[in-house]
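Asks: Chain by chain, the residues:
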Amino acid sequence: MPAQHTEQVRGHTAAPAPCSLPKPRTLSARTARAGWLLRLAVFAALSAIALLFIMVVLFALPLFTGTAEGSSGVFSWQWLPASGQFGILPMLCATLLLAFSAMLLAMPLAFGICAHFYLGQKGSQPSLFTRLLRATVNGMTAIPTVVYGFTALFLLTPLVRAGLGGTGLCWLSAMLVLALLALPTMVLVMEASLRPRMHALRPTAPALGFSPVQILLFLGLPAAREGILSAAVLGFGRAAGDTLLPLMLSGNAPQLAFDFSASLRTLSAHMALVTANEAGSTAYNSLFAAGALLLLVNAGISLMARALSQRASANPLHAQPKSNALPHDILCCMGHWGSTCLCRLTCLLSWLAPLVVLGALGALLIFLCLNSVDALNWGLLFGSTPPLQALLGLRPVWDGIWPACLGTGCLVLCSMALAMLPGIGCGIYLAEYATAGQRRWIGCAAEMLAGTPSIVMGLFGFLVILFLRRTLLPEANTCLLLAAACLALLVLPVLIIATREALEACPHSLRMASAALGFSRQQALRHVLLPAASRGIASGMVLAIGRAAEDTAVIMLTGVVANAGLPAGLLAKFEALPFFIYYTAAEYQTDMELARGFGAALLLLAVALVLLLLASFMRRRYSIRR
Amino acid sequence: MPALLSVRHLSISFHERTVVKDISLDIPKSGITVLVGRSGSGKTTFLRALNRLNEELSPCEVRGQVLLHCPLTHAYQPLHGSEPALAGKPIQEKEPAHVNKAEHAKESIQADTATQNPVDIYQLPPSSLPALRRTVGMVFQNPNVLPVSIKRNITLPLALVAHCPQGELEQRLEQALRTCALWAEVQDRLHAPASSLSGGQQQRLCLARALALQPRLLLLDEPTASLDVFATQQVEELLRALGQHVPMVVVSHSLAQARALADRIFFFSEGSLFPVEKDDYASNAELAALFRETEQQTICSPQPAL
Numbered sequence: 001m002p003a004q005h006t007e008q009v010r011g012h013t014a015a016p017a018p019c020s021l022p023k024p025r026t027l028s029a030r031t032a033r034a035g036w037l038l039r040l041a042v043f044a045a046l047s048a049i050a051l052l053f054i055m056v057v058l059f060a061l062p063l064f065t066g067t068a069e070g071s072s073g074v075f076s077w078q079w080l081p082a083s084g085q086f087g088i089l090p091m092l093c094a095t096l097l098l099a100f101s102a103m104l105l106a107m108p109l110a111f112g113i114c115a116h117f118y119l120g121q122k123g124s125q126p127s128l129f130t131r132l133l134r135a136t137v138n139g140m141t142a143i144p145t146v147v148y149g150f151t152a153l154f155l156l157t158p159l160v161r162a163g164l165g166g167t168g169l170c171w172l173s174a175m176l177v178l179a180l181l182a183l184p185t186m187v188l189v190m191e192a193s194l195r196p197r198m199h200a201l202r203p204t205a206p207a208l209g210f211s212p213v214q215i216l217l218f219l220g221l222p223a224a225r226e227g228i229l230s231a232a233v234l235g236f237g238r239a240a241g242d243t244l245l246p247l248m249l250s251g252n253a254p255q256l257a258f259d260f261s262a263s264l265r266t267l268s269a270h271m272a273l274v275t276a277n278e279a280g281s282t283a284y285n286s287l288f289a290a291g292a293l294l295l296l297v298n299a300g301i302s303l304m305a306r307a308l309s310q311r312a313s314a315n316p317l318h319a320q321p322k323s324n325a326l327p328h329d330i331l332c333c334m335g336h337w338g339s340t341c342l343c344r345l346t347c348l349l350s351w352l353a354p355l356v357v358l359g360a361l362g363a364l365l366i367f368l369c370l371n372s373v374d375a376l377n378w379g380l381l382f383g384s385t386p387p388l389q390a391l392l393g394l395r396p397v398w399d400g401i402w403p404a405c406l407g408t409g410c411l412v413l414c415s416m417a418l419a420m421l422p423g424i425g426c427g428i429y430l431a432e433y434a435t436a437g438q439r440r441w442i443g444c445a446a447e448m449l450a451g452t453p454s455i456v457m458g459l460f461g462f463l464v465i466l467f468l469r470r471t472l473l474p475e476a477n478t479c480l481l482l483a484a485a486c487l488a489l490l491v492l493p494v495l496i497i498a499t500r501e502a503l504e505a506c507p508h509s510l511r512m513a514s515a516a517l518g519f520s521r522q523q524a525l526r527h528v529l530l531p532a533a534s535r536g537i538a539s540g541m542v543l544a545i546g547r548a549a550e551d552t553a554v555i556m557l558t559g560v561v562a563n564a565g566l567p568a569g570l571l572a573k574f575e576a577l578p579f580f581i582y583y584t585a586a587e588y589q590t591d592m593e594l595a596r597g598f599g600a601a602l603l604l605l606a607v608a609l610v611l612l613l614l615a616s617f618m619r620r621r622y623s624i625r626r
Numbered sequence: 627m628p629a630l631l632s633v634r635h636l637s638i639s640f641h642e643r644t645v646v647k648d649i650s651l652d653i654p655k656s657g658i659t660v661l662v663g664r665s666g667s668g669k670t671t672f673l674r675a676l677n678r679l680n681e682e683l684s685p686c687e688v689r690g691q692v693l694l695h696c697p698l699t700h701a702y703q704p705l706h707g708s709e710p711a712l713a714g715k716p717i718q719e720k721e722p723a724h725v726n727k728a729e730h731a732k733e734s735i736q737a738d739t740a741t742q743n744p745v746d747i748y749q750l751p752p753s754s755l756p757a758l759r760r761t762v763g764m765v766f767q768n769p770n771v772l773p774v775s776i777k778r779n780i781t782l783p784l785a786l787v788a789h790c791p792q793g794e795l796e797q798r799l800e801q802a803l804r805t806c807a808l809w810a811e812v813q814d815r816l817h818a819p820a821s822s823l824s825g826g827q828q829q830r831l832c833l834a835r836a837l838a839l840q841p842r843l844l845l846l847d848e849p850t851a852s853l854d855v856f857a858t859q860q861v862e863e864l865l866r867a868l869g870q871h872v873p874m875v876v877v878s879h880s881l882a883q884a885r886a887l888a889d890r891i892f893f894f895s896e897g898s899l900f901p902v903e904k905d906d907y908a909s910n911a912e913l914a915a916l917f918r919e920t921e922q923q924t925i926c927s928p929q930p931a932l
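Same order as they appear, the protein sequences are chains S and V.
Going by the numbering used here, the first residue of the first sequence is number 1, and it counts up by one from there.
Going by the numbering used here, the first residue of the second sequence is number 627, and it counts up by one from there.
Be aware that a few hints might be false.
[Said to hold, decoys possible] Now the in silico label distances, taken between C-beta atoms and shown as ranges: (1) V:His817 to S:Leu391: 49 to 55 Å; (2) S:Leu358 to V:Phe640: 47 to 53 Å; (3) S:Pro396 to V:Asp814: 58 to 64 Å.
Derived from the structure by calculation, the hints contain no laboratory data.
Note that this is a predicted model, so its numbers are computed, not measured.
For glycine and all other residues, C-beta sits at the position ideal for the given N, C-alpha and C.
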């Protein structure tokens with residue numbers, strides 16, 4: 001730059017010579033303090049999470065350190081409560097074995113479905129089949145586990161019984177359905193990681209003459225390896241954390257299983273069984289240990305998935321696969337023949353996997369519909385009571401599911417009332433006020449909570465009652481309020497993450513415009529950003545409602561009963577729809593009762609799917625407007 | 627001419643990269659100041675530094691001073707005291723003759739500075755930032771209307787930031803829209819979403835929104851960059867009319883626009899600033915190149931040379 005211009009500027013402005021240059025100030029807008037309500041919300045959410053971990057660890061710690069009475073027996077291989085042996089190691093093995101096998105089965109299916117999204121389409125428009133597959137995978141995330149369990153119990157186990165002999169309640173049945181349960185999570189995670197990488201390869205790789213399957217296998221897959229791995233990890237976590245499917249389908253014999261027809265009992269199923277059957281006995285020790293182990297396994301999985309996703313986001317899209325990357329090495333030594341085989345195999349899988357999954361799901365759904373067709377009338381809801389009188393509460397309903405529906409409604413209402421402020425407040429805080437450090441550890445806490453199995457939330461409620469009985473309130477008992485609080489904890493991460501994402505998705509120009517107009521941070525949030533993000537937040541709330549309505553494991557430990565009539569109050573026992581389905585599967589007497597169970601399952605499924613559709617509709621409208 | 631805003635040795639860096647280097651500049655009490663330069667030369671960052679918007683973007687490091695020679699918090703002026711110009715027909719109640727405007731301004735600034743010490747805006751606590759941004763308004767490159775109705779776009783900041791009484795909102799709304807020649811086009815659909823307006827209309831709405839807050843200085847960041855030829859012409863005419871009442875700093879990458887609007891032109895290059903005489907483009911090779919480019923654009927495209 002010419003010197004005279006600089007001189008001119010100096011002369012022009014006639015600035016007083018600064019005696020010394022002041023130190024640079026670092027300025028950032030993230031210094032604003034949140035209002036008291038927000039801070040209260042964050043405090044409530046964090047203390048609830050902390051309390052959960054503290055309670056579980058507090059009750060289990062004496063067992064691990066060996067100071068508790070009879071603790072030596074907990075980590076042994078025998079479960080014989082009658083003779084005082086309370087070993088839970090078989091259950092730990094069964095959990096790991098079952099989850100791992102289900103994950104191994106789901107992995108190729110998930111990969112096949114992902115491959116179908118890229119290989120199955122002709123031309124630029126996805127075919128009808130591809131769209132159906134995508135919608136099905138999205139819909140599968142909402143199917144309640146108790147519906148899977150109930151339907152598979154009456155469709156799959158007779159088939160397994162015919163094939164393998166025995167009762168049909170075994171490793172194989174549980175594994176098959178668990179694989180189906182974990183599949184949508186795995187597909188979505190895998191697809192989210194593959195999509196941007198495949199997109200980045202789009203113009204170059206085909207121009208070099210690669211076929212679509214070669215691009216997917218040799219370029220897309222190595223680049224997305226973190227995503228594939230975290231799909232596997234999350235699928236494992238989903239399978240290990242589930243309670244209802246092992247409880248209903250695996251036979252629950254506390255033993256080591258060595259073949260697929262053997263019965264096994266997982267930690268989660270064990271917890272449900274112990275709380276149901278052995279009230280107040282020394283078997284509770286094993287309950288605490290099982291809860292702590294399950295929490296440990298899933299916390300580890302959450303941390304692993306988090307580390308993987310951070311590594312993936314640190315990777316630029318065009319990163320070279322490292323020289324020690326496994327797929328690369330295999331390809332190098334495979335040669336032409338091997339790679340051709342692999343391509344053929346992938347093509348085959350990309351059709352086989354969708355067909356298998358759609359077939360299995362279709363069979364379950366058709367079976368469910370066929371069996372519930374007889375029960376679909378007003379009698380399903382109200383039994384022999386006239387509907388109007390039952391609705392008005394004039395006459396009790398004895399043989400209908402109306403009290404259970406109402407119980408679930410109350411439960412969802414209470415849990416949403418409890419979770420709303422902490423969840424949304426915490427999400428707002430994370431998106432708008434948190435420093436980088438706070439973001440990291442509050443986000444980590446939310447993810448850990450999201451990965452915690454629901455039975456552990458139930459255990460938390462159970463422990464709170466035990467604690468209260470031993471200290472302040474000897475009369476305390478499980479009730480609707482307790483179940484709602486535990487469910488609130490379960491849906492808290494859904495709300496936090498949805499709110500945070502909706503706010504972070506607000507276009508940056510909106511923040512700049514608000515700041516330039518002189519809005520304070522609170523004003524911008526209240527009048528501009530929150531209205532803009534409201535649809536995203538609302539869709540998160542709808543998802544949370546669906547999650548709270550379908551969960552069974554939490555309420556099993558916190559006060560649901562089979563016969564309580566209409567919900568009588570916050571401190572009373574209650575009925576709930578998912579538990580009614582589970583209970584019918586175990587205890588039905590007549591065909592009519594069984595048909596009512598199918599009807600209830602269909603109803604729950606319909607509610608869950610409608611809520612999912614509503615949420616996705618809201619999200620789509622929201623993203624269009626953006 | 628007395629200064630409204632004095633910039634002293636201002637440097638700004640993001641993540642160790644210095645974007646604005648040691649700039650000193652005075653912005654006078656009236657007229658339009660245009661900053662031209664290639665994209666990436668730091669002019670937008672400099673503009674945002676004048677109302678501390680950079681820190682909303684990402685953490686930044688600032689050296690130097692920006693002195694504001696007018697009171698930061700000003701009471702809302704009564705409705706009929708200083709009505710801004712209606713489009714095309716400026717009302718000049720406060721400044722009756724154009725010729726002695728400068729002197730008039732000088733008197734008022736002397737009166738002002740007698741009572742008011744200049745404020746370094748970088749010493750302000752975060753709680754004063756809303757007041758600063760109301761005093762120094764801004765219009766962006768892309769019309770960023772708020773996702774509410776046309777009416778709320780203007781009344782929301784009026785009510786929240788300027789604490790305008792509810793009863794006056796309607797009048798202020800009409801006044802602001804008339805000022806920006808938008809009233810006739812939108813008076814029937816004030817409750818329609820602002821995003822349903824065309825690009826040019828949206829940009830004029832943003833201008834009206836900023837003016838409604840009665841800023842002492844208006845910053846415009848390439849206000850016509852995202853508009854077509856016709857809308858550009860409309861906005862430029864509007865700016866020229868308004869510039870006689872509200873001092874403005876306009877960032878532009880078009881020398882043609884700069885010549886059409888400016889009372890003063892400054893040229894930005896790699897974070898530094900050079901004053902430009904209105905018809906002198908040969909003194910700097912880069913400036914001459916930029917000038918040739920825009921001249922060619924003007925010839926090739928049907929953009930009117932104003």
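Asks: For each hint given before, does the structure comply? Return the numbers of the non-compliant ones in rising order.
Replies: 1
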